[in-house]
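If you read the protein sequences in the order shown, they are chains A and B. Residue 115 in our numbering sits at position 115 of the first sequence, and the numbers go up by one each step. Position in the second sequence (first residue = 1) + 1000 = our numbering.
Hints in this document: simulated from the structure, not taken from any laboratory. Idealized CB from N, CA, C, for every residue including glycine. Do not rely on the hints blindly, as some may be mistaken.
Using 20 Å as the maximum straight-line C-alpha spacing, the simulated PhoX-like pairs for lysine-lysine come out as follows [stated by the list, open to error]: (1) A:250 with A:262; (2) B:1203 with B:1291; (3) B:1031 with B:1138; (4) A:22 with A:126; (5) A:22 with B:1099; (6) B:1138 with A:22; (7) B:1302 with B:1203; (8) B:1302 with B:1291; (9) B:1291 with B:1208; (10) A:159 with A:262; (11) A:126 with B:1031; (12) A:22 with B:1302.
Short derived list, chain B residues pointing at chain A, Cβ under 10 Å [claimed, not checked]: (13) 1162; (14) 1165; (15) 1168; (16) 1224; (17) 1225; (18) 1277; (19) 1278; (20) 1302.
If you anchor each label on the Cβ, the simulated ranges turn out as follows [said to hold, decoys possible]: (21) B:1208 with A:20: 57 to 67 Å; (22) B:1171 with A:357: 57 to 67 Å; (23) A:256 with B:1171: 17 to 27 Å; (24) B:1065 with A:160: 18 to 28 Å; (25) B:1273 with A:357: 46 to 56 Å; (26) A:32 with B:1049: 30 to 40 Å; (27) A:256 with B:1212: 17 to 27 Å; (28) B:1326 with A:220: 48 to 58 Å; (29) A:289 with B:1030: 45 to 55 Å; (30) A:289 with B:1034: 54 to 64 Å; (31) A:68 with B:1208: 20 to 30 Å.
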Amino acid sequence: MATQDIPRDVGGGRASLLYDPKVRGIFVQALVVVALGVLVYWIVGNTAENLKRANVASGFGFLNGRAGFDLSDTPIQFDSDSTYRRALLAGFLNTVIVALAGIVTATIIGFLLGVGRLANNWLIRKICTVYVEVFRNIPPLLVIFFWYFGVLSVLPLPKESIELPFGSFLNSRGIYLPRPVWDEGASLILVALAIGIAMSVFVARRAKQRQMATGQPFPVLWVSIALIVGLPLLALAATGFPLTFDLPKKSTFNLTGGFQIKPEFLALYLALSFYTASFIAEIVRAGIKGVSRGQSEAAAALGLRSGQTLRLVVVPQALRIVIPPLTSQYLNLTKNSSLAIAIGYPDLVAVGGTVLNQTGQAIEIVTIWMVVYLGLSLITSAFMNWFNAKMALVER
Amino acid sequence: MSENIGYVRTEMALPEPAPPRERGPVAWARKNLFATPVDSILTFIGLAIAATIVVPLFQWALVNAQWTGTDRTYCSTVAQGGIQPDGWSGACWAFVKAKFGQFMFGRYPIEERWRVILVAIMFVVLLVPLMVPRVPRKGLNAFLLFLVFPVVAYVLLVGDMFGLTHVETPLWGGLLVTLALSFVGIVVSLPLGILLALGRRSKMPVVKMVSVIFIETVRGVPLITVLFMASVMLPLFLPAGMSFDKFLRALIGVSLFASAYMAEVVRGGLQAIPKGQYEGADSLGLSYWQKMGLIVLPQALKLVIPGIVNTFIGMFKDTSLVYIISMFDLLGVVRQNFSDPAWASPQTPASGLVFAALVFWMFCFGMSRYSIYMEQRLDTGHKR
């Protein structure tokens, strides 16, 4: 074997500046800054010129203008004389409503499916698997279309409505539910509800302290239910039942009265819930499988019943695995609610699109969208991070 | 020892068959369907669900379906002005059959459709050998598919050179648009996502900040707003007279959107590579790009194959959103054809949507199965 002469570094070990990572880093970053600066300058210049030519005044002043269009479904008072600001607010509230409703339903369906995929029962396992594999692999927009055009719009006309229990009706214009009408003194019920919730929080705290100190358990769940349901009921009885229901009534061509849930909302809500549930199911399954078998065996060895094992040992550990991906599914659902525009449910994007077409204020509208969705994302992640921190493993 | 009286068995005893109680469909049903009373109740609930969904679906899709026909009368009841008996409810596959060409090609001129078919054949011929691990010459194959094929496909699809007539992109539609958008999205988003992920993990604060802002902004907003931006704001950003094709704008929107998600997936892989690998590469004197390209990325990408394919699947599904900026992918064309007066009937929407769902499902399910297969093949067994 020949030995190789390694060239000696004669110059005192000082390499050329060209090879210094620090110098290189500064150089690359300066390049990035300059390139970005030029790009932004170019874009801003072009945009200003384009806007000047199109005679569009930039700024948010247009928000106070008269909207001049109607919205099919609004949680707040809105007519064509209202301002653009109010239209966007109504759209934002619709987004929040459909997202919240979807999140709750998707979580429930998803947890059931996820547990079902691990069931001992062959049939249940297969049904859940088929559901998950079907809904995970088709676009959410298709699911929305399916509910809207395939199911809800082929329901019978209002005069042949399908009757549901509790005086509700189902037809091609949506679901009609009885609307509760509150008479005087109803505010006491809300107060009672608030007191009930506050008291159950207090009871839960005390019970935990006591169990930590003495080991004595306390039936927190039952007491809380009794407080939260019982106190308002008591208030209801004390004020002499100030509650009546406005039932939907059939007239010749339409239904009057009651509370109408529009098919656009229903289609969006059902589609988002069913679609996201398939993803949540997979997350839940992975979470439960991620808890090692030794945990439930140890729980059994300690003499816990299977319900207790699930509630005290498996689920708390599974939640740790489940929560982070669950958060991103909630965010996905919120973002997917913008598909409302395809079937005409007036959410933030649909309303914003209409405003954009009328006023041409593209930059402002897109800015509003981005700020609102980024804000919603931040709020959701902040809440879930807090929940995650509460659930996370506390290591000593 | 004169005589060996010990009993030594010279051959293994054959296993006894399981007792009859444990064999056959009855035992299987007892174990898997009726193990406990709760299980039995669940089984009956499951049977009820299956019966209420599967049986009507089977009848609708196969038994009562109308397979042939020339217009809406074949798929409407007498009361709706058709030939079917009142109360009839079945799939209108005749509609799908009549519109099949549109569902695949959109309004691409009929006499030019051979070009699309040729591109599709080339795509399959190049893709299949790339996906089968045993076929050699992967490098050449990938080069052809990802660099040569797009150019040839562009020439063939758009035309306007080599004697081919020009087919404008607004005429494109159907599965052609879906596949074109997702192919370009995949080819662009993977390298761009890797660059963004490297940028996010970079030690240079400016590069890191730019990557983080881009990734988090894009991930925080719905694709629709990104598409709106691409279709409404891009023209504003460019000097007057310079304009982009609408299809190209959608492509840019979809690719940028997917690359932000891809970046997060790749970052997960980069974070999972132990520090020793980076330091080992440094101590060998490798440059940054050698370190990443030869040591870190091959390991990191292998780890996140499921995530990468999930992003591809998500993007494939998301291409359907271009319908909202009035481009017609498969779902958009199906949706558009609901309002065709020659075929409008109560059964048309559901039939068209079920067909579209089937096509989307086959592609997405295929991708997810292939990713599972690849994951198992590349699993080297030293998982931490």
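Outcome of the hint check:
no. : hint                          : verdict
1   : A:250 with A:262              : holds (17 Å)
2   : B:1203 with B:1291            : holds (15 Å)
3   : B:1031 with B:1138            : violated (48 Å)
4   : A:22 with A:126               : violated (58 Å)
5   : A:22 with B:1099              : violated (62 Å)
6   : B:1138 with A:22              : violated (39 Å)
7   : B:1302 with B:1203            : violated (24 Å)
8   : B:1302 with B:1291            : holds (16 Å)
9   : B:1291 with B:1208            : holds (19 Å)
10  : A:159 with A:262              : holds (17 Å)
11  : A:126 with B:1031             : holds (15 Å)
12  : A:22 with B:1302              : violated (31 Å)
13  : 1162                          : violated (35 Å)
14  : 1165                          : violated (33 Å)
15  : 1168                          : violated (24 Å)
16  : 1224                          : holds (5 Å)
17  : 1225                          : holds (5 Å)
18  : 1277                          : violated (19 Å)
19  : 1278                          : violated (14 Å)
20  : 1302                          : violated (20 Å)
21  : B:1208 with A:20: 57 to 67 Å  : violated (20 Å)
22  : B:1171 with A:357: 57 to 67 Å : violated (25 Å)
23  : A:256 with B:1171: 17 to 27 Å : violated (49 Å)
24  : B:1065 with A:160: 18 to 28 Å : holds (25 Å)
25  : B:1273 with A:357: 46 to 56 Å : holds (49 Å)
26  : A:32 with B:1049: 30 to 40 Å  : violated (57 Å)
27  : A:256 with B:1212: 17 to 27 Å : violated (55 Å)
28  : B:1326 with A:220: 48 to 58 Å : holds (55 Å)
29  : A:289 with B:1030: 45 to 55 Å : violated (26 Å)
30  : A:289 with B:1034: 54 to 64 Å : violated (25 Å)
31  : A:68 with B:1208: 20 to 30 Å  : violated (46 Å)
Hint check: violations occur at hints 3, 4, 5, 6, 7, 12, 13, 14, 15, 18, 19, 20, 21, 22, 23, 26, 27, 29, 30 and 31; the rest are consistent with the structure.
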